[in-house]
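A.B. asks: So the sequence lines, in the order shown, correspond to chains D and X. Here the first sequence is numbered in the numbering used here, starting from 147 and rising by one per residue. Here the second sequence is numbered in the numbering used here, starting from 124 and rising by one per residue.
Rather than coming from a laboratory, the hints here were simulated on the basis of the structure. Watch out, some of these pointers could steer you wrong.
Among the chain X residues that face chain D by a calculated CB cut under 8 Å, a handful are [what the hints assert, rightly or not]:
| no. | residue |
| --- | --- |
| 1 | M134 |
| 2 | P162 |
| 3 | P166 |
| 4 | A171 |
| 5 | A175 |
| 6 | E177 |
| 7 | F196 |
| 8 | S200 |
| 9 | G208 |
| 10 | N221 |
| 11 | F224 |
| 12 | G225 |
| 13 | L230 |
| 14 | V232 |
| 15 | K233 |
Where a beta carbon is used, it is the ideal one built from N, C-alpha and C, also for glycine.
For reference, the chains in residue letters:
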Amino acid sequence: GAGVSQSPRYKVAKRGQDVALRCDPISGHVSLFWYQQALGQGPEFLTYFQNEAQLDKSGLPSDRFFAERPEGSVSTLKIQRTQQEDSAVYLCASTLRDRNYGYTFGSGTRLTVV
Amino acid sequence: GQQLNQSPQSMFIQEGEDVSMNCTSSSIFNTWLWYKQDPGEGPVLLIALYKAGELTSNGRLTAQFGITRKDSFLNISASIPSDVGIYFCAGRGGSQGNLIFGKGTKLSVKP
């Protein structure tokens, strides 16, 4: 597609519920990233894929966070047993080749855990 | 997680004024990027800098990659109402590869 598409745009989850956030990168983009942006803060790195391989997951805050990109295009970020501190905007970004270029970000998914 | 020191946190300016903001890091970076984020949207890349000392312009925007590789500056000339938004700096180290963002500078313009 023309840009990075994320869905849903908004998600309200009850504490303890599992959620799945979807990212459709720009067609042909090899690299895909997930970032977490808390209110009033800059984005913070979560994980990075090159094609279907997850090369870096050092930013995932706990083992409740899991990301996959099985066919090297669409990616899903899953959060199990959500907690209130998981409330944030989750941004997906993609770039054509490696990570040494500026990313194109999606509009994000705003997750609110109540 | 690690974040860069970005200043000022917010600023109010008159339309037509020039704006300056900067970003510093305790670590050396190989790449500096400047993004703008509007409410409800993801950050949009404004300028990318890849070499120490580099000065790059994009319309009314000018950014510089500090010679120490630990800082960067963004200038906006002759500000207009659509410049309103939050500006983020982001840096990338050599082997690390991931972007580290500042906390943002919120720009408000008085019409």
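A.B. asks: Does the structure break any of the earlier hints, and which numbers would those be?
C.D. replies: 1, 2, 5, 6, 7, 8, 9, 13, 14, 15
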